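*Asks:* Residue numbers (our numbering), protein chains in the order written: chain A, 1 to 149; chain B, 1 to 149; chain C, 1 to 149; chain D, 1 to 149; chain E, 1 to 149; chain F, 1 to 149; chain G, 1 to 149; chain H, 1 to 149.
Treat the hints as calculated values from the structure; they're not laboratory data. Keep in mind it's a predicted model, so treat the numbers as computed, not measured. Among the clues, some could well be false.
Below, a list of computed lysine-lysine pairs in the DSBU-like style, where the Cα atoms sit at most 30 angstroms apart [what the hints assert, rightly or not]:
no., chain 1, residue 1, chain 2, residue 2
1, C, Lys4, D, Lys86
2, F, Lys88, F, Lys54
3, G, Lys4, E, Lys86
4, E, Lys4, B, Lys4
DEER-style ranges, computed between Cβ atoms [claimed, not checked]:
no., chain 1, residue 1, chain 2, residue 2, range
5, G, Gly22, D, Asp115, 45 to 51 angstroms
6, B, Asp36, C, Pro111, 27 to 33 angstroms
7, E, Pro148, C, Asp17, 23 to 29 angstroms
8, C, Ala50, D, Ala38, 56 to 62 angstroms
9, F, Thr75, E, Thr35, 26 to 32 angstroms
To give a feel for the contact side, a few chain H residues facing chain F, derived at Cβ under 10 angstroms [what the hints assert, rightly or not]:
no., residue
10, Asp14
11, Trp15
12, Ser25
13, Gly27
14, Phe30
15, Arg70
16, Gly84
17, Asn91
18, Ala96
19, Ala99
20, Leu118
21, Asp122
From the three backbone atoms N, C-alpha and C, an ideal C-beta is built for every residue, glycine too.
There are 8 protein chains.
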Amino acid sequence: MTLKVYLSGEIHTDWRDQIMNGAASLGIEFDAPVTDHAASDDCGVAILGAEDDKFWHDRKGAQMNAIRTRRGIETADVVVVRFGDKYKQWNAAFDAGMAAALGKSLIILQPEEHDHALKEVDAAALAVARTPQQVVQILTYVINGTLPS
Amino acid sequence: MTLKVYLSGEIHTDWRDQIMNGAASLGIEFDAPVTDHAASDDCGVAILGAEDDKFWHDRKGAQMNAIRTRRGIETADVVVVRFGDKYKQWNAAFDAGMAAALGKSLIILQPEEHDHALKEVDAAALAVARTPQQVVQILTYVINGTLPS
Amino acid sequence: MTLKVYLSGEIHTDWRDQIMNGAASLGIEFDAPVTDHAASDDCGVAILGAEDDKFWHDRKGAQMNAIRTRRGIETADVVVVRFGDKYKQWNAAFDAGMAAALGKSLIILQPEEHDHALKEVDAAALAVARTPQQVVQILTYVINGTLPS
Amino acid sequence: MTLKVYLSGEIHTDWRDQIMNGAASLGIEFDAPVTDHAASDDCGVAILGAEDDKFWHDRKGAQMNAIRTRRGIETADVVVVRFGDKYKQWNAAFDAGMAAALGKSLIILQPEEHDHALKEVDAAALAVARTPQQVVQILTYVINGTLPS
Amino acid sequence: MTLKVYLSGEIHTDWRDQIMNGAASLGIEFDAPVTDHAASDDCGVAILGAEDDKFWHDRKGAQMNAIRTRRGIETADVVVVRFGDKYKQWNAAFDAGMAAALGKSLIILQPEEHDHALKEVDAAALAVARTPQQVVQILTYVINGTLPS
Amino acid sequence: MTLKVYLSGEIHTDWRDQIMNGAASLGIEFDAPVTDHAASDDCGVAILGAEDDKFWHDRKGAQMNAIRTRRGIETADVVVVRFGDKYKQWNAAFDAGMAAALGKSLIILQPEEHDHALKEVDAAALAVARTPQQVVQILTYVINGTLPS
Amino acid sequence: MTLKVYLSGEIHTDWRDQIMNGAASLGIEFDAPVTDHAASDDCGVAILGAEDDKFWHDRKGAQMNAIRTRRGIETADVVVVRFGDKYKQWNAAFDAGMAAALGKSLIILQPEEHDHALKEVDAAALAVARTPQQVVQILTYVINGTLPS
Amino acid sequence: MTLKVYLSGEIHTDWRDQIMNGAASLGIEFDAPVTDHAASDDCGVAILGAEDDKFWHDRKGAQMNAIRTRRGIETADVVVVRFGDKYKQWNAAFDAGMAAALGKSLIILQPEEHDHALKEVDAAALAVARTPQQVVQILTYVINGTLPS
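Please model the complete structure; the sequences and the hints are all you need to start from.
*Replies:* Following this line, the structure appears as structure tokens:
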């Protein structure tokens, strides 16, 4: 069995690398949004021309990023969404909502402090993990049927 | 033409009443989540029995609320999602993600201060409004074709 | 808000009546399989002619019942599946699987003794209730937002 | 023609091996749930942490297994569901219901003694087999067009 | 429970009237193709202008009829397809294929002499009836749960 | 049989009125875009605030109109698209493409001079009409089975 | 561009070989039903056991063949259905109906004498061919853009 | 990440080659309609026989081309639609409508002079580009996350 896994959400720590390295032997096809924050914010105007109004500057960028993120979610078997300590992270919750509506297997990776605020998101998930290692263990179990010793 | 409109998001101000009153003559069928915060938090354990662990207390409630909210979103023509000044509001962004994935017409109602943080959500919307009155005007235009004088 | 609720599963006790009576004021459209056991078993041959082989006798009946049950599940917003004390009840679990795959809100009504055996079914449900009264309370909350006092 | 076949149900005999060995020359991609009973029961708490309440212990495990089983069913062309002699086997019937709702070709593998109890499940199937060898013969015929001599 | 039933196929006997009269008390919404043979053949050219080539004459008519028949099938709960004694009746088999692909409950009404030739069509049906009265009895059972006495 | 018909395309002549008046006795539920050209162009900025850049002025309006037009097309049984003598009319062809992809019955109303340029659009339609009266005759035939005398 | 093409219908002449040989250089993945008439008729009872009643003999076989034919149609880009000179060929028309409902590109291969009887089927097709060579030419054009010289 | 990109619209300049050459290192699978104008116009009659009436001549060709174009759009991740300076280009707008209805990521490539006339089409797009180079830059960013320096 092979899996396609999309890694959505927080882009300021190395959690994606931890998961991809930990799961390197499983043959998973990983996908993720562009994680270069500056490029992600400015891609729209950098390619299609500047905007005077920050609202449309953001719109151009967000729509360009959507080409990548929507495809990533739509073609995934499993969507992992990480909520970090900072920022609003509404795009993470938005991705989780899309994944849920599309019937994807959803894994939420979050600190306990967010449990109450994320209860509606967690209720749509098949697992709520606390560490990238746990996500690796879940993926290992799903593919190989083996538990951590 | 009739419309079904689901009013998602912030539950601490009277924005839903403003929209429903303002649009009273349009024949719209409005739907919304349970907006009694305490009932919404405790419905699961109040009906199905107490939980020692707050995580499962929340899970039971969130899943019970999902019976109502998912049906509300799935049967709507238009989903209005309001982001307020406080709280994480990840459930609002989650609802917006579901609505987008289901192809619903999405209207976001938000203060300007959230524009950058909501850019991915707004990029999936057909309108970004600042006031409930603007939402009423949009619904009036969509149904009657008339603009505010 | 109106709801369509399909009541699947055990047909030897009056649980459906308890729910329909308890929820009589909620404007719900209830649907259910034919609960006359003898008619349900023999409908195929009674109408379309006898079969020598019990296997095809059963097939004719099961397919005729499927005209009703599949439509009931497909058009429902909420599917309640009751597991009783006796019999194999594979048709109940089959209905639950159909409801889950179709994205219906699933409520399982079961005694605690079946919890382990039903864990995969329960994991796809939004509520696991123990009594018909709890189902009435859930439906009341979903429609009116009010909890039992 | 290649086929993807998911082998659902009973996990205490070697029926899966019999089918996979018998069909080894057909180029089929087989998939199945985790068949290590203990791992399957405890995967949730082994990875994500212990639960005091057996109900949630089971829920965590069942949801983790669902990541694998739902993908297995959703991507299959043919779903074979085996009902054995023991246990409730509601998860097998649940899988059959999902497969039917998703339009998969369903093959049921069961002893005759269950014929009446499985009549609704069988009525959704394209074949009811008694032995793993018959399943191999069906798959051989479907792929190569050849019948057993 | 209400049902929408589409009556497809043979248009030279009064079988539709027999079913509609026999089922008059059941509250069914019946639909059917245009059964005026001449109008059905010539509708395209009568409205949109004559064609020199019979092939396009037929095409114009068949496409105009498709506006009605496809909607009838797509919105039906149950599709009854009658095969009579004469003509090729490929449109009847085509309608049955559409109904099967759309997941409709299919009832075939046919004389025994066609059993072998219709085996693939029958295999997708939930009932194979011989008389319009049997179809009425099936519909009565599906809606009321009562069998003919 | 009732029908929902969406009237898309050219907004400078009274063709919609001709069809709605001509078909007044058929019980059809008609829907259409906002046909007040000025309101349609300016609705976005009139409600949500002015834009310096004409491109975003247009975007705001087009997205607001999409709330109405997409719902109109998605809920229709039949989509009539009229191409007139003037303007680019790319929105008409865009609506036709949406209707085709959604499996709607498509009727194109156009002058002969556009036949070659519209050949791809016409190839997805079930009828190509030249006059509003022909559309009325088609709808009359589809609903009543009667041809013009 | 690669294509998957399903060749449905008449099994008594070598038209499939003509198409597959003629299109050998195009990289098409062809699929077809089992064309061994005796095997196709008897596969059900040969594998799963004899039936006294010819009706169920046929049912077992038709359902086993459906495992192959439905997958062939569902995964195809193009479905070619050939109607020959003899037999009822309702299964061919049934396959065409399934292909049409699933939005497949449909090519009908038929003699002119069947034009009127097949008008509803042809009206759902993108091409009506008279010879296997024409089908080869169509597939060549679709893939390479070249016409026969 | 790999992408499938369909290049729809104007066929008289080398914009497709510019994009395919510029994006040659990205591993994209490109697809497009037949761009030989004469072949595209005459394919139907060249293969299936001449028509006296230009309307049916065009119909035969347009339907044959639809085998290729619809598959191209349906299997694409990204659909780029170019509007040029000349011709009606309704087929381009039609393709954009299909792509939008199917949830494809849509990029419109157009000169500024068409901005107002294309506002409904652009409103469904994730990017509006002015040059093939910008499309190459978008695809580069979507796949590699790098912006033009």
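*Asks:* Indicate, hint by hint, whether the structure satisfies it.
*Replies:* Right, here's what the structure says about each hint:
Distance restraint check for Lys4(C) and Lys86(D): the Cα-Cα separation of roughly 36 angstroms exceeds the 30 angstroms cut-off, and the hinted pair is therefore not satisfied. Under the criterion of a C-alpha separation no larger than 30 angstroms, the hint pairing Lys88(F) with Lys54(F) is consistent with the structure, at around 18 angstroms. Annotation: proposed proximity of Lys4(G) to Lys86(E) is violated, straight-line Cα distance about 36 angstroms (limit 30 angstroms). Taken as a hint, the Lys4(E) and Lys4(B) pair is honoured in the structure, with Cα atoms around 24 angstroms apart against an allowance of 30 angstroms.
One distance hint, 45 to 51 angstroms for the beta-carbon pair Gly22(G) and Asp115(D), holds here, with the actual separation near 49 angstroms. The hinted window of 27 to 33 angstroms between Asp36(B) and Pro111(C) holds, with their beta carbons roughly 31 angstroms apart. At roughly 27 angstroms, the beta carbons of Pro148(E) and Asp17(C) sit within the given window of 23 to 29 angstroms. Range check, Ala50(C) to Ala38(D): Cβ separation about 49 angstroms, and the 56 to 62 angstroms hint is violated.
Range check, Thr75(F) to Thr35(E): Cβ separation about 28 angstroms, and the 26 to 32 angstroms hint holds. Taking 10 angstroms as the C-beta contact cut-off toward chain F, the hint placing Asp14(H) at the interface is violated, the least distance being around 22 angstroms. Against a cut-off of 10 angstroms between C-beta atoms, the interface hint on Trp15(H) is violated, since the closest Cβ of chain F lies about 18 angstroms away. Of the supplied interface hints, the one on Ser25(H) is violated, with its beta-carbon coming no nearer than about 32 angstroms to a beta-carbon of chain F, more than 10 angstroms.
For Gly27(H), the suggested interface contact is broken, since its CB lies about 28 angstroms from the closest CB of chain F, more than 10 angstroms. Given hint, Phe30(H) at the interface with chain F, is violated; its Cβ is 21 angstroms from that chain's nearest Cβ, farther than 10 angstroms. Nearest Cβ of chain F to the Cβ of Arg70(H): about 9 angstroms, under the 10 angstroms cut. The hint holds. For the restraint placing Gly84(H) at the interface with chain F, the shortest Cβ-Cβ distance is roughly 12 angstroms, beyond the 10 angstroms limit, so the hint is violated.
For Asn91(H), the interface hint holds, the least distance from its beta-carbon to any beta-carbon of chain F being 4 angstroms, beneath 10 angstroms. Annotation: Ala96(H) was flagged as interfacial toward chain F, and the flag holds, the nearest CB pair being 6 angstroms apart, inside 10 angstroms. For the restraint placing Ala99(H) at the interface with chain F, the shortest Cβ-Cβ distance is roughly 8 angstroms, inside the 10 angstroms limit, so the hint holds. The criterion of a C-beta within 10 angstroms of any C-beta in chain F is met by Leu118(H), whose closest approach is roughly 6 angstroms, and the hint holds.
Hint status for Asp122(H) relative to chain F: holds, with the closest Cβ pair at about 7 angstroms, below 10 angstroms.
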